[in-house]
Amino acid sequence: MSSDNLRIIIIGGGAGGISAASTSKTVAPGASVTVFTEYEDVAYSPCGIPFVLGKEIPDFERLFLQTPEHYASIGIDLRLRTAVTGIDLKGRTVSVGAEKYPWDRLIIATGWEYDKPDIPGINLEGLHYIKNIRRAMEFDKLLDGVKKVVVVAATPLGIEISGNLAHRGIETHLVDEGAWLMSDVADPDIMEPVQKSLEEFGTIIHFGEKVLEFRGRDGKVSSVVTTGREIECDVAIIATHKKPNNRISREAGIEIGSTGGIVVDDHMRTSVKDVYAAGDCCEIIHGVTDIPIQGLSGSHAYSQGRVAGANAAGADRAYDPVFVPWGMVGGQVQMGGVSLGETLHKALGIPHIVAAATGISRARYYPGVSRIRVKLIADPVTHRVLGAQMSGGEGIKERADFLAFAIKRGATIEDFAWMENVYSPPIGALMEPIALAAQAGLAELAKNK
Amino acid sequence: MAFGSWLRKNAEKYLMEAAQESVARRYPEYCAESYREKGLAHFFWKNVFVPVYLAIPWPVRRKIILFTSYPGGKRPSWKKFG
Numbered sequence: 014m015s016s017d018n019l020r021i022i023i024i025g026g027g028a029g030g031i032s033a034a035s036t037s038k039t040v041a042p043g044a045s046v047t048v049f050t051e052y053e054d055v056a057y058s059p060c061g062i063p064f065v066l067g068k069e070i071p072d073f074e075r076l077f078l079q080t081p082e083h084y085a086s087i088g089i090d091l092r093l094r095t096a097v098t099g100i101d102l103k104g105r106t107v108s109v110g111a112e113k114y115p116w117d118r119l120i121i122a123t124g125w126e127y128d129k130p131d132i133p134g135i136n137l138e139g140l141h142y143i144k145n146i147r148r149a150m151e152f153d154k155l156l157d158g159v160k161k162v163v164v165v166a167a168t169p170l171g172i173e174i175s176g177n178l179a180h181r182g183i184e185t186h187l188v189d190e191g192a193w194l195m196s197d198v199a200d201p202d203i204m205e206p207v208q209k210s211l212e213e214f215g216t217i218i219h220f221g222e223k224v225l226e227f228r229g230r231d232g233k234v235s236s237v238v239t240t241g242r243e244i245e246c247d248v249a250i251i252a253t254h255k256k257p258n259n260r261i262s263r264e265a266g267i268e269i270g271s272t273g274g275i276v277v278d279d280h281m282r283t284s285v286k287d288v289y290a291a292g293d294c295c296e297i298i299h300g301v302t303d304i305p306i307q308g309l310s311g312s313h314a315y316s317q318g319r320v321a322g323a324n325a326a327g328a329d330r331a332y333d334p335v336f337v338p339w340g341m342v343g344g345q346v347q348m349g350g351v352s353l354g355e356t357l358h359k360a361l362g363i364p365h366i367v368a369a370a371t372g373i374s375r376a377r378y379y380p381g382v383s384r385i386r387v388k389l390i391a392d393p394v395t396h397r398v399l400g401a402q403m404s405g406g407e408g409i410k411e412r413a414d415f416l417a418f419a420i421k422r423g424a425t426i427e428d429f430a431w432m433e434n435v436y437s438p439p440i441g442a443l444m445e446p447i448a449l450a451a452q453a454g455l456a457e458l459a460k461n462k
Numbered sequence: 083m084a085f086g087s088w089l090r091k092n093a094e095k096y097l098m099e100a101a102q103e104s105v106a107r108r109y110p111e112y113c114a115e116s117y118r119e120k121g122l123a124h125f126f127w128k129n130v131f132v133p134v135y136l137a138i139p140w141p142v143r144r145k146i147i148l149f150t151s152y153p154g155g156k157r158p159s160w161k162k163f164g
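From first to last, the protein sequence lines are chains A and B. First residue of the first sequence? That's 14 in this note's numbering, and the numbers climb one at a time after it. First residue of the second sequence? That's 83 in this note's numbering, and the numbers climb one at a time after it.
So that you can see chain B by itself, here it is in the shape it has in the complex (with noise of 0.2 Å):
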């Protein structure tokens, strides 16, 4: 798997997880408890790489968003809205 499949891959998943966690603490009365995962692995990005993706600032943080989203970092022709 390349980098950038491999990092989007486990980042969506843990900041789904986090998302969702608080979320869950907003609308408690519609929510269940949801399967986690344990270990060292899920410990780590669990408690080191959300809290530091969260914590750089939006504009820096989407621009390296885009940067690892494409093959290169070279965004392909399409047009841009906002």
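Just chain A, same shape as in the assembly (with noise of 0.2 Å):
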């Protein structure tokens, strides 16, 4: 089929499934391209919703990327609150209630939702959950007359809505029942100065408690019941996990993987022909370990839907493995890293060693110098890095970039051991923190030897 006459159904309206259109069009510009999206905005950052929530961005307005005429502009067919209900492979067509949409290519982009827990006032009001930008804005008004926030699991959205509620100057506590923050994927001497930094804007955490019930007033949320305590609150937000939103495509019949996500190829392709999928409705392989894992960035989300809407169109691309860099900000510290840290290492019971050392940012006379942590993992036989966690005042996020590309191209400890850095006193110390940690990890295999 000559990819002018393709029609392209894309289902999902966030980063993923804008980022297919998108491209869908530019390689193939005669192919039709229709997005369904249930809500009613598309090309807006969720992830700078707690920023402006904390008052840190002045207003929501500047967390839009493109507006809907922009996409008409180019071709791209843009079905605002339009909920695809079902998917027929066989008759290769989408269903929204009782109408129906015939595709040639498919591309599923329905992303996540919260994994709620199953609790006695789950359905109270006052429950938020932080995900579209309109509800955002009605939640931001409602902050105004609110008191007390008890936000529930110390993920990376409970950390920086925690940080930016306390900022805003609400009483905020962290409910968690890990034993220190993130606790499934960072380390605890890598998080230590994010949880002092939250405390020190007011933040209460309560490490080791499970939320068990959610007491209400008249139907309205007023406490938290933990483990260990009652909290009276004005608003609860729940920021638990991010699980694949894929009940259509399980109702299909595509195929699903062992985390829930749809298991797709490098191509993006599903386990039906002309069905692909991207960003956090699937599962991607992981670089290091080869497992498959599910709950991803946006930026992995965009490139996904990238490669996803070429190939829809007719282009030949492949998607690598991820390596997952992160990075964000708890407080004023920054934190990150790259593939697994030291407790992912443990739990997997991977053979690991562990290098790690706490270096400045700047030179140590410098206005404005931050200690920055970092620790590798290291395979005690190749030496090659397999993951790295970093926290400090500055310069995280391009650590752990640079530090993803050079473990995907195997980097060894020695590698970083001996490696060049910049130095300038306003910007880079004499010493690179990975060096110095690269070096702690020469020093521990030759203890090892």
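I should point out that these hints are in silico values taken from the structure, not numbers from a laboratory. All values reported here derive from a predicted model rather than from experimental measurement. You can take every hint at face value.
Covered stretches of chain B (chain A as the covering partner; in silico rule of three or more C-beta atoms under 8 Å from a C-beta of chain A): (1) 91-103; (2) 114-125; (3) 149-163.
We put the CB at the ideal spot given by N, CA and C, even for glycine.
Hints are included, so try docking the two chains, each in its own frame, into the full complex.
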């Protein structure tokens, strides 16, 4: 079939769906490209919402990257507030209620949803989920009259929202079952400065407590009961883990993997011919372990959407397994990493050594200098670096990007120990903290000989 | 829930808990006490599954993980690193 006659349908208007649509249209300008989204908006940054709620960013309008008119002008048929209710793989149509829309290529980018705790009071008014920008705008107005908030789960979003609401002057309680922040992905020594910073902002953290119940008055939440206490609140924010939003794909018979995500290959092809998937609804192979994982960042969804969109339109592009550079801010501290940290290496039982050091971000005498903690995890036999975690005042994102690139290309502890680095007092110290950590790793390896 | 998903969900939970406890012993100054479920199922996963899993040599364990990670044990086409 000529790519000019293709009918490409995309389900989902998030980062994966919108990048798929734009790329399809670029690769096959004559194709008809239709995007269905159940929401009122597309092309905004949901990751910016906590910072608007915290008044770090003055308004929600700044989070919008494009308008629906822009997509219309480049020939993309955007169907807002239009939820796809089913996929017919044999008839090659999608349903919106009783109406059916035919496709030659289908791209599923249905994203994620919160893993809602199955506990009493979960349907009370006053429980909020940070995801949709319109709901966030309404929530922002509500917050003007709020004195006390409970945030459930010290996930990345839980940490961001806790710091921001405390910054806004609201009494903020963060409740988590773990022994430290983000305990299922990050290591405690890395997260300690983040915890301190959040507490300095005024966040009250309750570790090791499970939420048992939301209690309410007149149908509205008034307190959160945990295994340790009852915390009164005006609103509660559920920041639990993301799970793939795959109901219609599952019902259609598209193959789902062990993570609950759609199984795709490196061309973002699903188990069904001419059906592609991108973003948080699918599972992607991890570059170090080769195990499929799910729940990555907006930048991953965006790139996957581009690959799915290009291939659906007739191109031949491949997406690599992921090494997952990540970074974020909690309070006033940056944290980040690549691949797996020490805790996850232990959990999987992967043989490893830990190489850690604390350095500085600029010359020690330069104003604004901050401490940078770097931890590298390496294979004890090959010395290849398998993962890294870091926290500090600045430069974490750049280090995570660099480390991901180097780890993907097989860099060893020796490579990092003897790396060249920029030295300039306002922007870089004489000794790069990554090199310091690697040198500690060499010492560790020498001890184990 | 498919067997692979069920196994992965439980294995992840209890292997993470064991790893968190080990890491907490290494960095006690940075850690509080975790919440832990109690009961027979939890006892099994914690005291039987986790030690048995960790006793299996890594190369064998890796093969088991990979086999149970893909539907039907079939890895889709992806580039391999390392």
